[in-house]
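Q: The residues making up each chain are set out below.
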Amino acid sequence: MISFQGGGLAAAARGIKPVLVIGLGNPLMGDEGIGWHLAGQLASDERLPETVEVMYGGTDLLSCADRMEERDRVVLIDAILDLEAPGSVTVYRSFEDLCSEPGGAHHLSVVDAIGLLQATSPALASVEFTVVAIGVDYACIETDLSPAIAARVPAMIDRILTEIARAR
Amino acid sequence: MSTTIRVEHLARVEGHGGITVEMDGGAVTAVRFDLFEGARLLESLIRGRSYEDVAQIVSRICAICSAAHSLTSIKATEAAFGIEVSPQTHLLRDLLYRGENIESHALHLFCLAAPDYLGYPSATALAADHPDAVKTGLRLKKLGNLIQETIGGRAIHPVNVVPGGFGKLPSADELRALRAGLLHGVEDCKATLDLLSGLPPADFCHSPTVFAGLDMKGDYGYYAGDEIVVKANGRQRRVRAADYRSLTNETPVPHAHAKHSSFDGKPFMVGALARLTVNALPDDAAASAMRRLGLRLPSGNPMDNNMAQAVELIYDVGRALAIVDKLLAEGLNEAPRVPVKPKAGAATAVTEAPRGLLFHSYAYDADGRIVSADVITPTAINAASIEDHFRHAVEQSADKSVPALTRKLEMIARAYDPCISCSVHLIQKRGSA
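Protein chains in written order, with this note's numbering: chain A, 2 to 169; chain B, 8 to 440.
Hints listed in this document are in silico derivations from the structure and should not be mistaken for laboratory results.
So these bits of chain B aren't anywhere near chain A, every CB distance computed over 12 Å:
(1) Asp31
(2) Asn167
(3) Leu176
(4) Pro207
(5) Pro208
(6) Tyr227
(7) Arg298
(8) Leu302
(9) Lys348
(10) Lys350
Taking CB as the label site, the calculated pair distances span:
(11) B:Glu181 with A:Val92: 31 to 41 Å
(12) A:Ser127 with B:Gly126: 24 to 34 Å
(13) B:Leu125 with A:Ala126: 22 to 32 Å
Here chain A is said to cover these stretches of chain B; the calculated rule only asks that three of the stretch's residues, wherever they fall, bring their Cβ under 8 Å from a Cβ of chain A:
(14) 111-123
(15) 131-139
(16) 144-158
All figures in this text were calculated on a predicted structure; none of them were measured in a lab. Ideal placement from N, C-alpha and C gives every residue a C-beta, glycine not left out.
Build out the structure end to end from the sequences listed, making use of the hints.
A: As structure tokens, then:
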């Protein structure tokens, strides 16, 4: 069970759950939308603790800023480009190993968005961010997950639930 | 000696090729701007789908332009079925569209463009030294999201926008809360003008530019209208939305997924700069903002699209406040939305997405299922114009070093505010391909 810490008690009194899980990704882009698919499954999983709220984040993390405030933890589920281990689940609690700068000419990365929000919002400065990165090796227009990724969804859910249950 | 400048987007993602400029002894020999044209490929996903589902599906093309896709889709569907919605519905859709424009322009100006001008690698780095500036931008973005949430039901991917009207109308309390946010937004717009008018000039590319924008008929907005004005060298032509193919004249190019658009054989620019060029200035405040920002029209400098976005941002916040005041004063009519009776038919709708002209063209069968669809996004339309400005920027640059040119090319690409990253945004590990 997840413990209440920091602002969690006061937030809980107002009905704000201490842990927020955000599934990122575009469900129209095949495996790139794995975070979106996992959020949907997680929200209906009976093992999900009552202290956890799950939401879809699309591809614009900044839009979720209000929903993150007064949480103890925010767990982001997102796809990561991994040509060698598609389907892998890697948990990042610090982001030095992830690209923090724009990957192209017009892009605000997830890591940049987290940094920006924590730098500009006192209400988010103490929130613990975790990125659960799901390895994918290709993204294309497709509403379904690839068979290889889809087959690993149950194991991914198990791993995410384990991460959610980790005490801060 | 040959030189190649290359700015990568994401490998292994359909169509993401980035920017490539090849030079031989200082002369430009090749220019390529590749982009992900997700909208076009999505047409197969909506074929056979019911009119009730189409707007929801296409809204997911993009997190930033979700209202634009949703509203343009609805507009095409209603035109195909011969549905006339109420003036109140028009007003609410206009407000929703402004919310998206505010959100998109604030994100672009403060988090992507401003770091360029001030020499920072990212918005996070900018925030370390100029936290108030970035906070202003994020508040304005949040305000845009609030408008969309109040009217559309969600900050992104609106659920209230349905054929015939709205699924749920905002309450008076919600409108009052929105009004309070907009009043703060007016103050933030003053800070925006102070910040942007003090940016160093980015004046490294001038070329004769053809502009195309929706004819707003004296009422500056992004949703209403069905005629496009094309303006070049003081001359202007008109194209009806139904004849959009005669505007875009798309042709495939070997290096990009997106077809290139041209009018009379020339690429053309769409977006905020084009909108302000082909339409009368919205009001005195916008004219004043233009003067402070040093924006003179018509402009052959693509970097001025940033300043045009700032003018729209300031105007939209004020206009949104006026609309909310009108809604509060007159009250919302809770009458049910116009009944929708599907029938076989076809129609094309055009609107002004934050990045420019957006076309949705549908054909429906008698049961209201999509038979065929065509979606053309502003970023796809702009691709040829971006390449044209790349070429001029390199040719006009005194400093032909790769770092100097790379910075200029990236800034020009960003000034167009291309929507190449919001439908796909994979995290990357450091050092990965």
